[in-house]
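Protein chains: 2
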Amino acid sequence: MNAEIIAVGSELLLGQIANTNAKFISSQLSELGINVYYHSVIGDNGGRLKKAIEIAESRADLIIFSGGLGPTKDDLTKETVSEHLGIPLVFDEEALTTIEQFFNKQGRPLTENNRKQALILKGSEVLPNHHGLAPGMILEKDGRTYILLPGPPSEIEPMFQFEVKPRLAARISKGGVILSHVLRFYGIGEAELENKIQHILDEQTNPTIAPLASDGEVTLRITAKADSEKEAWELINEKKSEILSIVGKYNYGVDDDSLASKTVEMLLHNKLTIAAAESLTAGLFQSELAKIPGVSGTLVGGMVTYTEQAKMKQLGIDKDLLDKHGVVSSECASSMAKNVREIFGTDIGVGLTGAAGPEPHGGEPAGTICIGLAIGDSVETRKIQLSGLRNTNRLRAVKYTFSYLMRQLVEKGYKKV
Amino acid sequence: MNAEIIAVGSELLLGQIANTNAKFISSQLSELGINVYYHSVIGDNGGRLKKAIEIAESRADLIIFSGGLGPTKDDLTKETVSEHLGIPLVFDEEALTTIEQFFNKQGRPLTENNRKQALILKGSEVLPNHHGLAPGMILEKDGRTYILLPGPPSEIEPMFQFEVKPRLAARISKGGVILSHVLRFYGIGEAELENKIQHILDEQTNPTIAPLASDGEVTLRITAKADSEKEAWELINEKKSEILSIVGKYNYGVDDDSLASKTVEMLLHNKLTIAAAESLTAGLFQSELAKIPGVSGTLVGGMVTYTEQAKMKQLGIDKDLLDKHGVVSSECASSMAKNVREIFGTDIGVGLTGAAGPEPHGGEPAGTICIGLAIGDSVETRKIQLSGLRNTNRLRAVKYTFSYLMRQLVEKGYKKV
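Protein chains in written order, with the working numbering: chain L, 1 to 417; chain F, 1 to 417.
Hint data in this document are derived by calculation from the structure and do not stem from the laboratory. A quick note: this is a predicted structure, and the numbers were derived from the prediction, not measured. The reader is advised that the hints may include incorrect statements.
Identical copies look the same in the list; a pair holds intra-copy or inter-copy alike.
[Claimed, not checked] The calculated DSS-like cross-link candidates involving lysine-lysine, where the alpha carbons are at most 25 Å apart (straight line), are:
#1 LYS240 x LYS196
#2 LYS225 x LYS73
#3 LYS122 x LYS51
#4 LYS249 x LYS416
#5 LYS399 x LYS105
#6 LYS291 x LYS399
#7 LYS412 x LYS249
Taking the hints into account, I'd like the entire structure generated from these sequences.
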């Protein structure tokens, strides 16, 4: 089964939003082993949408639409599909009831354009929308499958996961399986990684190995085709061992892991508590940790000390130290880490200071980052130079700190997870 | 001039990353008044890429490629364009020198595949890459313009802005102009907003008005075509006044404004300092503020008090208060705001507590958010119920707080910016 994803919406072509729906659907289809060969984006224009459908029909047998099911005049996906396939639109009673109940509950007036969302392609299988008003639909015609889904990510993602995916999985389970496993690396560049495993990349057939760099990280996706899930995993694991025997020291996780999730996992596993004092990152380190459910078992809290005054008064950083070394210094980062650990009574204290940019700060050029780590009574620091824009530098400083912290913990004999 | 953007990379079709490059380029082209009618995404496959180029040539005269210029074997955009157009690839001496210098400076070995990045289409105008190794290029052939750009956002964005955009602007300045202006709203739903200005939407021709909802906000993009920039602005401003006379109270900003940037602007303008105490958001409020350059004029710092212990010990929240009302309560938020303001000696204190999810917390269901605002000596609170996932709730709580803070400041007589 070959899929094409057609996203409909002028806001995409105007650059107001990114096509994150195509990303989401693709990752889900990839898990099912369904090939996606094309994404297309079309504006709210019936004529151009019709032509795009014709092109998609010439190269895919599964066509998934996102967007254009909403209440407004420029929402015309189902109208265009209806006209193109010669299938009329009819009201779906259940969807209509849901819409009426929603407006009653909210105490908001039901506008006429909201009723339009209950129109469906006659004969299609209706997919209920538990997070919005426009239902999705699946239609079979002339050996092709057309799936129409709403545009907002909060609606399309659960609808795909709970309504579409099981139906597609049931349909393809007769054939073989395709499984995919992602290895995540930090602290090594893409070209350097590839170079180290060039011989493996050169001879790849099944599994295939696809490298990808983004945001300071590199991933390798290993994809295997086999008759059974067990066999596919065997192929993947064999290749994985081979790769990790060469570049294992840069590998920090797999699949949906993130540096933050691995850090939290490792802290929880070793029963360590943590606090942070942040200047340039201003809470981002703690906020990234707090993305992970269960973080309250390790993150006690911390401070944001953005001004020099706050560093002295709230964190107790020595005025002499600041006068001598400046706020962007290893000495300051070290003292921040040490003091925040004491104040919050945790096992670990982290100190982050630097010049985020665009201007230099504390006598140091934009991109200078100083990290202090207090693990127990020992404190160490790292000073690095980044070259990105303000908010890239802030995020990379945080990612670097996660990696630095995990390495130092391993060095001190804590268990890696 | 009609443009199509072709993004090349299997990682996009596998759903590993979203096509943010198409978003960025589209928004830039939209500013120039160049129509983008299609985005396409193709994998690292020469045959399919060739076909996609043929389709693009049938419907666009400006074809912009992103990605596939890197060092690895599956990077084949310029190779495919070269073959398709019958134009050979040659080494660019300047690019080669840059690459060699880069590896010298980093002290990393120069691999053979890195040299490949210095290959360019013969006769093309080379665009220097100041943030990476692969240069971009512009080529004219048979009345069409082909622009090849690297994939990483940190490379393509500055290259487009500083190399491509000025060249395109010079080329189209002969004709009329298209200008676009975005109005940003918070605190009103998309359908409700549209309903209120339905008569304006119904009769739109020039300017056109496009509504868009995302992440708790709604925007209206007003786009005008005219002979001169002045005339276009007159058309836009007339329509803008008409819209704001109806829904002005929900309007918080325009164009690239964000709730955070407007908040920082307003605080700086009124010479107010701010500190925050955060529980469920764990630093996100402060970190979002710190995204804005110049924030050090208002953000002094604050605390993350994730555990009950930290709330009592570091923030001085009363144990009796917590026992009586719980950590997720207006009383706790109020006390957090008041205390953090006192501790950091600022004009404003913000307290954020709640149950981010997925689990209930402090006896309240996931999505319950309590916000405390201490402006001078007066403290007020707001309790809201959100229904998203953990990290959506955390971000929306922060956005809501920005909007709430700005409204309360206006009510207290501070100047809106």
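Structure-based check of each hint:
1. LYS240 x LYS196: within (14 Å within a copy, 58 Å between copies)
2. LYS225 x LYS73: between (45 Å within a copy, 22 Å between copies)
3. LYS122 x LYS51: Classified as within; 22 Å inside a copy, 34 Å across copies.
4. LYS249 x LYS416: Close inside one copy (12 Å), not across copies (53 Å); limit 25 Å.
5. LYS399 x LYS105: between (43 Å within a copy, 23 Å between copies)
6. LYS291 x LYS399: both (14 Å within a copy, 16 Å between copies)
7. LYS412 x LYS249: within (16 Å within a copy, 57 Å between copies)
Every hint, counting from the list given before, is met by this structure.
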